[in-house]
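Under our numbering, the first residue of the sequence shown is numbered 1072, with each subsequent residue one higher.
To be clear, the hints were calculated from the coordinates, so they are not data collected in a lab. There may be inaccurate statements among the hints.
[To be verified] The calculated label-pair distances, taken between Cβ atoms and stated as ranges, are: (1) Ala1173 with Lys1145: 40 to 48 Å; (2) Ala1123 with Asp1166: 35 to 43 Å; (3) Arg1099 with Ala1163: 17 to 25 Å; (4) Ala1090 with Trp1170: 17 to 25 Å; (5) Ala1173 with Lys1122: 34 to 42 Å; (6) Gly1118 with Ala1163: 36 to 44 Å; (7) Asn1105 with Tyr1150: 12 to 20 Å; (8) Pro1165 with Lys1117: 39 to 47 Å; (9) Gly1109 with Glu1073: 30 to 38 Å; (10) Val1160 with Leu1089: 19 to 27 Å; (11) Thr1152 with Glu1124: 14 to 22 Å; (12) Val1120 with Ala1161: 13 to 21 Å.
[Stated by the list, open to error] Calculated lysine to aspartate or glutamate pairs in the DMTMM-like style (CA-CA distance at most 20 Å, straight line): (13) Lys1145 with Glu1086; (14) Lys1122 with Glu1151; (15) Lys1145 with Glu1134; (16) Lys1145 with Asp1084; (17) Lys1122 with Asp1084; (18) Lys1145 with Glu1093; (19) Lys1117 with Glu1151.
The model shown is predicted, which means the values in this text are computed figures rather than measured ones. C-beta atoms are modelled at their ideal positions from N, C-alpha and C, and glycine is treated no differently.
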Amino acid sequence: MERVRLVYTTFPDAETALAVGEALVRARLAACVNVLPGMRSVYAWKGAVEKAEEVVAILKSRESLSGPLAAALKARHPYETPIILHLPVAEADPDTEAWIRAETGG
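Please put together the full structure from these sequences, using the hints given.
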């Protein structure tokens, strides 16, 4: 059975994250996108240390959609180099897995 995959990314604001998330859900690349506002980031970028307000987005999808999901996310993302981390799920509730598969065409 195909495994569930979580994708972690960040956005500059909740409105952008929700708009991109909605597009990915409508395209059936993700079953759900959770947007968590209020994050402060400190990161290295092009030789400098930067600080920014960001939001986290966690996307629920399937392993076989990792490539298409990453491509669609990059195409819609406002960052030059968006963070896209594919996180394998060791175990999930069977009903949750079934819902994610059903909502992503699996």
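Hint numbers contradicted by this structure: Checked against the structure, the hints that fail are numbers 1, 12, while the rest are satisfied.
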